[in-house]
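**Q** Order-wise, the sequence lines are chains U and F. So in full-length UniProt numbering the end of the first sequence lands on 439, straight run, no missing numbers. So in full-length UniProt numbering the end of the second sequence lands on 439, straight run, no missing numbers.
Hint data in this document are derived by calculation from the structure and do not stem from the laboratory. There may be inaccurate statements among the hints.
[What the hints assert, rightly or not] Computed footprint of chain U on chain F, listed as stretches where at least three residues anywhere in the stretch have a Cβ under 8 Å from a Cβ of chain U:
id	region
1	11-17
2	22-31
3	141-153
4	183-193
5	215-222
6	233-240
7	275-289
For clarity, every value in this text was computed on a predicted model and none was experimentally measured. Positions of the beta carbon are idealized from the N, C-alpha and C atoms, including for glycine.
Number of protein chains: 2
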Amino acid sequence: MSTLRIALLGCGNVGSQVARILLEDADALAARTGARLELTGIAVRSIDAPRDVDLPRELFTTDAEALVESADIVIELMGGIEPARSLILRSIEHGATVVSGNKALLALDGPTLYEKADAAKVQLSYEAAVAGAIPILRPIRDSLSGDRITRVLGIVNGTTNFILDQMDTTGAQFDDALAEAQRLGYAEADPTADVGGHDAAAKGAILASLSFHTRFALDDVYCEGITQVTAADIAAAKDAGFVIKLLAIAELLPRDDADGAGAEGVSVRVHPTLLPRDHPLAAVHGAFNAVFIEAENAGELMFYGQGAGGTPTASAVLGDVVSAARRMVLGGPGRTETTTGHVPSMSIDAVRTSYSIGLDVADQPGVLARIAQLFAEQGVSIETLRQSIHPAGDPGQATAEIRIVTHRATEAALAATVEQIQHLAVINSVTSVLRVEGA
Amino acid sequence: MSTLRIALLGCGNVGSQVARILLEDADALAARTGARLELTGIAVRSIDAPRDVDLPRELFTTDAEALVESADIVIELMGGIEPARSLILRSIEHGATVVSGNKALLALDGPTLYEKADAAKVQLSYEAAVAGAIPILRPIRDSLSGDRITRVLGIVNGTTNFILDQMDTTGAQFDDALAEAQRLGYAEADPTADVGGHDAAAKGAILASLSFHTRFALDDVYCEGITQVTAADIAAAKDAGFVIKLLAIAELLPRDDADGAGAEGVSVRVHPTLLPRDHPLAAVHGAFNAVFIEAENAGELMFYGQGAGGTPTASAVLGDVVSAARRMVLGGPGRTETTTGHVPSMSIDAVRTSYSIGLDVADQPGVLARIAQLFAEQGVSIETLRQSIHPAGDPGQATAEIRIVTHRATEAALAATVEQIQHLAVINSVTSVLRVEGA
Ligand SMILES: NC(=O)c1ccc[n+]([C@@H]2O[C@H](COP(=O)([O-])OP(=O)(O)OC[C@H]3O[C@@H](n4cnc5c(N)ncnc54)[C@H](OP(=O)(O)O)[C@@H]3O)[C@@H](O)[C@H]2O)c1
Ligand SMILES: NC(=O)c1ccc[n+]([C@@H]2O[C@H](COP(=O)([O-])OP(=O)(O)OC[C@H]3O[C@@H](n4cnc5c(N)ncnc54)[C@H](OP(=O)(O)O)[C@@H]3O)[C@@H](O)[C@H]2O)c1
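Okay, chain U solo, but in the shape it has when bound (with noise of 0.2 Å):
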């Protein structure tokens, strides 16, 4: 098996989980990869400032230049634009693979990048820069190449739907959702690139570039912040049916709709806006993000996940570094499926979930403590039991219907607990047995 030489500029937030990954999951990594991904250094500011995950000291150079001129694949996560830009440039020229999470440098000069990667034969990718950990500018670029996106709707900034999401929630004024999130580390100390929004407009330039074919910089971008935004404007907008959140929008403007010419054109642009409470993105909480598409012929679609974080940030940087490497390691098409692993299919029976038992039962008293006993007797735990009484005529001859939901069970144990019920003379029929997940 081959091996590709990987240099990691900063370990930061995500650098250091994309170094911890590309260590600890090596093997698997090799597997689906085809070849070794061998991180040959990390290059920082300074080798002893404390780090979010213990790595060998010995990968660590100050000397970002060298190790990037004998590298295969370059991951850029040191963020800010020089001098991350000159290594970028540096690694292209070498003939390098580059993976980048720097959405500030993408919407400020990605032309001038992707026209070098391009002339260079070389693969650029950025996933990492939008939304996080979800998966969207591939499916944008190719899941929907084929089709007219007309409409592109996102949250994409986790601090400020983490802050909007707390004043709808409870009531608060800004400055105190504010304090909260930067109590919890969802906003830093300096909040303003994003709660003045533009952190979003540098996404919303990358989204609506790769979205419309054209290319839009930080300056097409409108953008508008939600530090206006009060405690009554959303107690107002709840009132009528609306949440506020601060989206990132491009949007084709029909011809009727644009300016004097007469032609289409794109509109991208940052502002707090008043959603319906049932539109898909109004439940999008906390700092999660989500892109919503509106396309000619796919229609309304969603993507949902984490935004921001150390981790997940890295599995998006990560799924860049695998599919640019695959295609280094196989050339041509790659593969169709890659079925490396050899994890054995399980039985029905192996699963633990909770279930859901309906149960129609005499009224009588004692019939409640001899189902418990039962369940017990079996090591079937029950989380929440409900009846209802279903008079009847003659007394003596109501009937009582019963909902269990047990804890986690496996399928055997919870099979041969119906079995056994069945069999209790107060039990008329086991009315409905469903599983239960997500709870």
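Guided by the hints, dock chain F with the ligands onto chain U, whose structure is given.
**A** Just chain F with the ligands, lined up with the frame of chain U:
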């Protein structure tokens, strides 16, 4: 510009829309692909059958085998096992790229097809086979390739989701909800494949195979449909804060959950499932589909959209076609970004949207009329107006808060209105101006 010859097998719900898009959007597809996608023929059983789309008669043929032999890309949308399988194998032998939406065939015999395609170094893709328009297979295969998926929960059958959603909202019994689904075209005359869970099971097998890098066949899937779910089950679930969905579940069972051997394993199953009402999948209504994924690093992700229908499914097919064609044209890594379009960026003034405007006004007779008149003069029409009075100590000093939601208007008209309104004597202040989307 080079030309790629496209053979279409089948011209039913999906195939007819694929043909339409290939013909209608030929120029845009060529620009994005770098090659013209020439539809050379459409194989059907009966040339004179009525079609959803008007297509040139000379494209039709009943000789699918001949059609396949001269194609660069073969799109299989006939459905069923034979002759679809033989035609796909023949296409691969001829070195053609294959795109299919045939979940039944892929669940039954995917491994053979993938192996033949890989051996022949041709691309085989089938995004449309699972969850219609939703990009889900490509994200699992590429974007999540550096992560470890632990669980997939999918609402992958629109018919059953429509029926269960009907039962949940209207309290209907299964039979009535099914009849309604049939009346609206969401269920077929023979609904067995859908309500019995078999369609979802085929998709579950495909999802599991990609997620766990191991081949799972239809036989590995435990399958229970929704025919036994009663209105009483739904009502009891609702009472307890749950909703019932038919889920396709593929789940990695940890060692201690698995059978005697103590190994990890995967359970693939389809059954009606209670989900808490605040679970993201609980908000998936009507015939929509969604796939919820849990991965070790990415955390929770959800992909939402239309799971069926000729046009949405055609979008997924075309995404596969364009992606594959791009690789055929460009070789190597493909392009970073396709900025072949030149849509101008529009200023915010050209945007038409609705607005929510908050006003602090004197509580005097005639205020509302004055405001309404001013909006009318500016050509901004009011959709709703709510007023709440803040009583004051001094009579005549009371103020009122007014919230107006407008119909769609341009930013320019809105800005002029807000400017004017500030000059009205009865207005204390404009407290907020927020935009509304999605209403
Ligand atoms: N954090 C997220 O959730 C998230 C989400 C999506 C995208 N991103 C993007 O991912 C990138 C990295 O974010 P992060 O949160 O991981 O940043 P971070 O925690 O600030 O880490 C930056 C790292 O880069 C190193 N670095 C900075 N300047 C350098 C220089 N001139 N030479 C050498 N090393 C240098 C730092 O070295 P020292 O450790 O020695 O200071 C540090 O290790 C950014 O572009 C960000 O926008 C982040
Ligand atoms: N419909 C959806 O929403 C949807 C969603 C996802 C995936 N899919 C998949 O997409 C595929 C097509 O679905 P569909 O709904 O479009 O099917 P459909 O409406 O039944 O159309 C099938 C087409 O194939 C042709 N055909 C069938 N057998 C043939 C044969 N032996 N020789 C030549 N032509 C033959 C038929 O010809 P005639 O017109 O002459 O009868 C018809 O044009 C299926 O695999 C399905 O599972 C469909």
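**Q** Each hint should be assessed against the structure and marked as holding or not.
**A** The hints, checked one at a time:
no.: 1; hint: 11-17; result: violated (count 1)
no.: 2; hint: 22-31; result: holds (count 4)
no.: 3; hint: 141-153; result: holds (count 9)
no.: 4; hint: 183-193; result: violated (count 0)
no.: 5; hint: 215-222; result: holds (count 4)
no.: 6; hint: 233-240; result: holds (count 5)
no.: 7; hint: 275-289; result: holds (count 6)
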